[in-house]
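*Asks:* All chains should be built: construct the whole structure from the sequences, respecting the hints.
Chains as they are written, first to last, in the numbering used here: chain G, 3 to 907; chain B, 39 to 470.
In case anyone wonders, no lab produced these hints; they're calculated from the structure.
Wrong hints could be hidden among the right ones.
[What the hints assert, rightly or not] Listed below are the simulated PhoX-like cross-link pairs for lysine-lysine, each with C-alpha atoms no more than 20 angstroms apart in a straight line:
(1) K445(G) <-> K381(B)
(2) K882(G) <-> K784(G)
(3) K227(G) <-> K849(G)
(4) K882(G) <-> K757(G)
(5) K155(B) <-> K447(G)
(6) K535(G) <-> K68(B)
(7) K238(G) <-> K344(G)
(8) K70(G) <-> K848(G)
(9) K343(B) <-> K381(B)
[As the list claims (entries may be wrong)] Which bits of chain B does chain G cover? Going by a derived footprint, with three or more residues having C-beta under 8 angstroms, they are:
(10) 124 to 137
(11) 179 to 189
(12) 355 to 367
Just so we're clear, the structure is a prediction, and the values are computed from it rather than from any experiment.
We put the beta carbon where it would ideally sit given N, CA and C, even for glycine.
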Amino acid sequence: MRQITSLLLFMLIGAGLMAQQGKLTGNVYDQSTGKALSEAIVVAGSNQTVSDANGYFEIAGLKYGETKLTVIAVGFEKYESTVKIAASQVYVKAELTSRINAENERRGVSEVNIADLEGDDESKGQAVSGLLHSSGDIFTSTASYTLGAMYFRMRGYDSENFSIYMNGINVNDAENGRASWSEWGGLNDATRNKEVVNGVSSSRFAFGGLGGSTNIITRASKQRKQIKFTYSLSDKTYTNRAMFTYSTGLMDNNWAFTVSGSRRWGEGGYVKGVFYDAWAYFVSIEKKINNQHSIGFTAFGSPTKRGQQGGATQEAYDLMGSNYYNPNWGMQDGEVRNARVKNFHEPMMILSHYWDINAKTKLTTSLGYSFGYNGGTALNWYNSADPRPDYYRYMPSYENYISNHIADPNVINLTTLAWQNDPNRSQINWDELYQMNYNANLKGKQASYVVEDRRNDQTTLNFSVLLNKELASNVNFDGGFEYRKYTGHHFKTIDDLLGGNFWLDVDNFAERDFNGDTIKNQNDVNNPNRIVKEGDVYGYDYDINSNTGQLWGQVEVIGDKIDYYIAANVNSTSFWRTGYMKNGRYLDNSFGDSETYNFFNGGGKVGFNYKINGRNFILANAQATTRAPSVYNSFLSPRTRDNVSSVLINEKILSGDINYILRTPYIKARLTLYQTMFWNQNDIISFYNDDLGTFVNYAMTGIDKVHQGMEFGTEVKATSTVSFTGVVAIGNFRYTSNSNVTITYDNGSQPDINKTVYMKNFYVNGSPQTAGSVGISYRHPKYWFFNANVNYFGDNYLDFNPERRTISALPYANPNDPRIPSIVNQIKLDDGFTVDASIGKSWQVKKVNLNLNFSISNLLDNTSLITGGYEQMRFNFDTKDINKFPPKYFYGLGRTFFLNLGIRF
Amino acid sequence: MKTFGIKIIGIFMLMAILGLNSCIKDDFEKPPFTEPHFTMAVGDTLLTIADLKANVVSGSAVISHNWYIKGIVVSSDQAGNYYKDLVIQDSTGGLDIRLENGYLYNNYPIGQLIYVKCNGLYLSNANGSYNLGYKGEAGLVTIPEILIKSYLFRDKFPGPEPTPDTLTSVTLTDQYINKLVVFNNISFADAGSVYADPLNLLGGMTPRNFSDNMSATPIILRSSTYANFKNSILPLGSGSIKGILTRYNTSWQFMIREVDDVYGFPVGLKIILRESFATAIGSFMQYSVEGPQFWVNDPQYACMKMSGYEGGNYTANEDWLISPKLDLTSYTNTILNFQSAMKYGTAGDGTLKVFYSTDYDGVGNPNDASWTEFPSYNLSTGNFTFTPSGDIDLSAIGGSKVYIGFKYQCGTTGVPTWEVKNVIVKGQQSKK
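*Replies:* Right, dumping it as structure tokens:
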């Protein structure tokens, strides 16, 4: 009865005392989804077999008495139980727990389960597995956990291409499509049950995204029955993590409960100022009404505060002697205070009805509601010097860029020394900000500096229906309807007046550009010259509303030689803005409802799995879809007005892949070639334009991209205890067109400017385009293990400033000007290696299961691996010198550790 | 083994309690308002500002004595008129310190007492006013930002602004340069204009003359186009001005810190019409009753111009230059001013006359309406000398449809050229 989860039930049929031998039959299921697991290896005594397409197996010739039953399936924990053979035929239902780890957060380290410690023995299996459903792929798991730590993204896709569901409810952000894992951070145990689909593939719970889909199953009856405590110690982001989970499984009274809670905290992670202060809670209740109906309710949330890291220029990193210098903090009250704090709590509740209409038909209906707050603080200032320590004028190099000025080496020296020795120079000088505000108080003036909280409080209502139906013994239909009604309330408040008395809600830039105009300088004409204090809303206040609906369906046919599927979806999106302030610069289109923008889209996908034989498979998938532009890239400047990008059309996406899969007892491998094309994408950025001397909205349209490449992953079992893994990803993620940009003055003081951004053939940033990992894994029979990986990251490119790729940025005089390449060319980041290692052991003492895991990331302490960054949007148009506003970089963390202690009853 | 489990649970509960109690600080104690204090080291000498100016030969060398001066800040860059300057004064005089930093007012507000370490700085007298700064390759430059706190030391909380010295244009002396002073009963020559006009800059600032009528020479108010009051209107009438006196060679100049430094002017005295004719006819219209010539703009002399002479021919002409419709109903003490210049005619020949009408339709032949000539106004007597009209009283004219008309009329002999500019109608706005 060790570690085995909730629902082990075995039935003994009759007393067939006459026979000396009995037959064991049974079905193998995925515990979290209830899906039949084919090709699982079932071992009873000295006999073994493989489950069929319906998860069914039979083993005959078992002697009466107790026998040990072991079931092994790829991607699942090993199932073991003791079965009493006391009849000619005994039936067992084996429910296996998915091994996919909940800690998908990029910086997380997977916890090690006891099952991971016991060398899987698949050597005798003929693993003709249903690979379309397989989630234990070595490439995917290495890419997620090992390479993901350095911001490797599979196929270079943005996170909007990965769909995340929670009990059938889509939880991708309604405005930018991004998947957020932080809303259930710290609930690793409770969100462990998942269905995962990688890439374009058949999926039984959603049409899904290009990169894949995940459905987190929170059903209490599907949670592993356990009491579990976990304590972790780390120096990455949080210092301490304590988690508790209690899950009853489905009890005799047909109720199931899961409660989970956690706390993650720490005063400073690897990067100074990055504190962590998070709680999390989770409750899931399920009542099985009868064999057909169950009702489940889940509520969870994760109130979190954490300090953020800011990117800095290489000059600042070099001055501070560390690539982990964080300009966001300063000392106050003897403590580190971070000016940029993320602060959110977005509870979600889901009510689900599970209806097994008959043995072949299941209908799952879910209603979800989430609300709460999501904010991030930042300094704001009025008619005062920039308080950020790494503002370009405070750097030693600035002395070289003062116009009409001969650089004084003494000043450069003194500034360098101050940076190196005076924290009031290199970090935020909170005390001085207070003193300046106190001075303002004496004059009866508004605060010069405040900390503001920029909020996006989201309220979402979701409804989904999922139908799973077996049309024939080898044909499945899955389909569903999803509806989402979303409102994102965007506003900012004064978080801290920093000792000042008040703040006046007028626009700094408008005061300059429309000097003396007492209407245009107002952020809210309906409440002019408003005095605001801590907690008051100011600056901007609007809702983004979005309603989406989707209908999808899939038919999948399982055959002896070939499996194939076809799926289609249609969806509609409508969004609009509701303004609550009448902006003085946009009297006519800032207040009230904007026009509603409607988009209709659809798409389809097909794929097959050709089984050459039990060990060799060819898989191919193709998808063609259109997609509504994201709200985020539609409104030019929703803080001030309704205006949208001049070209607002659906994106087109075409994607395909072809895979060869090898599965032998000793070698498992996958080789994939893929290509995805995106057309008509939009991108909107807002920044201070030096050339124009004001804030501008930079709306790029007609962006086309290609993502193509190769993925290879293999796992080689050298001995029963030692295995090797190898993973290679080679990609080519490029822009395939120039884009058109419309530059709009945020304050409307000048007419729009249209021009071309020459970005064709530029690389898509955000992920190394080449990556690889070689690993060795040792698993001792006495439940301890050791893993080590050597990882390579290459061909990573810096995000580029589009303005530098327009005609405005180029020196006109001479087309051979040597400055042109430095202005135009994209920066390629250095390639690099890291080494990770982990060691762990687990103990089983009666019913108590204890495991200890210690891992070190970046063992060789490579602190020069840039994971990302961006060119500043400011550009020195006068001298065309790119070094006045150099790029800002983020470095991958150096050597860090993660210690995890888990105990489970 | 039960005890083993219990022990483990105990450890976790202990951790949980630790976790619960480990409050992550996000509520920070406000630092106190700390009073700055500065004391000079032994061996340092405190000079008055006057002593410093007297002891240093301007522009000679960097000061190498352990000298300090102290003074109270009287300038402010809060409104944007001052930039990279901090003016301090003591009882003996004032001094402008040049600093490579904006937003000085946050740390050095008006009324702040500061000590300035002079050792290492450079004093220069530029055309009459002293500046203290840093020695650069080509003379005085701003003190680099990184060094500001090594030379400027605050002492005590900022106090009130020092009481300004009240001056008149005949009591000006060098000892008041860079000090806070007040002039009373002044009026602006360009009243009704904005403080700072980007098209009218001298040394980066817009010069605007004011006078207290005690001296023939006006004082020049200089304002920056970066000032937040750049588009405010110089008030009409007379009042007071407070600010910092400077000198540029022989001319006295003046800087205010904020728009409230100009005060005591009559409330409600408003410009009803202002047309300079600098580059265009503006809101006026011209109507040619007779002759092929008509009123044209002359940007070279910034005026409207009319002559019956063209291409060697003298043509009889009647041409009107007519204002837009004026609503004088809510004004009292309304006054018209303009400037005229004439040549090729005879003084007082009646070729230019100024009228008003209350029944003109604004578009048609002015002779279809009734016009009344103003009883008394000054016109140019020749040689293209622009002559102020003097105050023409309009207060007897009421109504909401008032037009002012300049009528040029000539025959074929004695044909003059007339120029008109700077037409202003002002009045006291009565309370509604």
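*Asks:* Taking each numbered hint in turn, which are not upheld by the structure, reported in ascending numerical order?
*Replies:* Structure breaks hints 1, 2, 5, 10, 12.
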